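These are the residues of each chain, in order.
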Amino acid sequence: SQELEQSPQSLIVQEGKNLTINCTSSKTLYGLYWYKQKYGEGLIFLMMLQKGGEEKSHEKITAKLDEKKQQSSLHITASQPSHAGIYLCGADMRGNTPLVFGKGTRLSVIA
Amino acid sequence: NAGVTQTPKFRILKIGQSMTLQCTQDMNHNYMYWYRQDPGMGLKLIYYSVGAGITDKGEVPNGYNVSRSTTEDFPLRLELAAPSQTSVYFCASSYQGIGEKLFFGSGTQLSVL
Numbered sequence: 002s003q004e005l006e007q008s009p010q011s012l013i014v015q016e017g018k019n020l021t022i023n024c025t026s027s028k029t030l031y032g033l034y035w036y037k038q039k040y041g042e043g044l045i046f047l048m049m050l051q052k053g054g055e056e057k058s059h060e061k062i063t064a065k066l067d068e069k070k071q072q073s074s075l076h077i078t079a080s081q082p083s084h085a086g087i088y089l090c091g092a093d094m095r096g097n098t099p100l101v102f103g104k105g106t107r108l109s110v111i112a
Numbered sequence: 004n005a006g007v008t009q010t011p012k013f014r015i016l017k018i019g020q021s022m023t024l025q026c027t028q029d030m031n032h033n034y035m036y037w038y039r040q041d042p043g044m045g046l047k048l049i050y051y052s053v054g055a056g057i058t059d060k061g062e063v064p065n066g067y068n069v070s071r072s073t074t075e076d077f078p079l080r081l082e083l084a085a086p087s088q089t090s091v092y093f094c095a096s097s098y099q100g101i102g103e104k105l106f107f108g109s110g111t112q113l114s115v116l
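Sequence lines, in order, name chains Y and F. For the first sequence, counting from 1, position 82 maps to 83 in the working numbering; every step adds exactly one. For the second sequence, counting from 1, position 15 maps to 18 in the working numbering; every step adds exactly one.
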């Protein structure tokens with residue numbers, strides 16, 4: 002079974018609309034990381050969350066980690082074509098262990 | 004600063020051939036990793052290293068070997084390539100610890116035919 006579940010698997014939104022991507026675990030996470038991957042390229046770090054209830058924002062992207070540290074959401078406000086790509090969440094599942102990744106969410110933004 | 008550099012970017016292998024995927028980083032990171040990414044499957048950890056001379060298996064190590072003779076380099080060796088090894092391979096490094104922020108290379112797209 003997948004340790005980190007991401008939803009939705011894919012998303013098509015109209016430019017200017019808001020959207021949310023979720024990342025869920027059945028276990029408490031020691032650290033949660035969001036990455037973005039442009040098609041055919043490497044992964045770019047977006048944000049890191051470590052404390053329960055933590056929320057971080059960068060430009061139009063906001064990431065939150067719930068109080069139990071089992072679920073994170075990534076929210077994009079007023080989406081733009083530049084937001085298109087694959088969003089992956091990665092987490093330290095057991096403390097001081099290599100990151101485990103979700104399957105990713107493929108985002109398309111249409112005019 | 005180049006960061007994490009992977010070579011080659013693309014490669015086609017015949018079944019049974021061998022090759023080495025190169026990875027080097029210039030950030031003096033102790034921790035290095037190899038992941039593979041299959042379509043719709045996220046990233047799976049192949050091997051990782053916590054420092055020169057120390058390597059450990061990840062989730063999917065079969066068919067691969069690694070070595071870490073220097074802090075900078077972490078090559079991944081494929082022996083007897085199989086179609087199941089067709090994938091995109093990412094090398095990554097981290098500075099502060101194992102479960103910390105990863106810096107990724109741009110990937111190697113490998114096809115085994």
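Since the hints were made in silico from the structure, they are not lab data. Any given hint might turn out to be false.
With a straight-line Cα cutoff of 30 Å, these simulated BS3-like cross-link-like pairs (lysine-lysine) come out [unchecked claim]:
| # | chain 1 | residue 1 | chain 2 | residue 2 |
| --- | --- | --- | --- | --- |
| 1 | F | 12 | Y | 69 |
| 2 | F | 104 | Y | 37 |
| 3 | Y | 61 | F | 104 |
| 4 | Y | 28 | F | 17 |
| 5 | Y | 39 | F | 104 |
| 6 | F | 47 | F | 104 |
| 7 | F | 12 | Y | 37 |
| 8 | Y | 28 | F | 104 |
| 9 | Y | 69 | F | 17 |
| 10 | Y | 57 | Y | 18 |
| 11 | F | 12 | Y | 65 |
| 12 | F | 17 | Y | 39 |
| 13 | Y | 52 | Y | 69 |
| 14 | Y | 65 | F | 104 |
| 15 | F | 12 | F | 60 |
| 16 | F | 47 | Y | 28 |
| 17 | Y | 28 | Y | 61 |
| 18 | F | 47 | Y | 37 |
| 19 | F | 47 | Y | 57 |
| 20 | F | 12 | F | 47 |
| 21 | Y | 37 | Y | 65 |
| 22 | F | 47 | Y | 52 |
| 23 | Y | 28 | Y | 69 |
| 24 | Y | 18 | Y | 65 |
| 25 | F | 60 | F | 104 |
| 26 | Y | 65 | Y | 28 |
| 27 | Y | 39 | Y | 28 |
| 28 | F | 17 | Y | 57 |
| 29 | Y | 52 | Y | 39 |
| 30 | Y | 37 | Y | 57 |
| 31 | Y | 37 | Y | 61 |
| 32 | F | 47 | Y | 39 |
| 33 | Y | 52 | F | 17 |
| 34 | Y | 39 | F | 12 |
| 35 | F | 12 | Y | 28 |
| 36 | F | 17 | F | 104 |
| 37 | F | 12 | Y | 52 |
| 38 | F | 17 | F | 47 |
| 39 | Y | 57 | F | 104 |
| 40 | Y | 57 | Y | 69 |
All values derive from a computational prediction rather than experimental measurement.
| task | Find the hints from earlier in the document that the structure breaks and name them by number, from lowest to highest. | result | 1, 4, 9, 11, 28, 33, 35, 36 and 37
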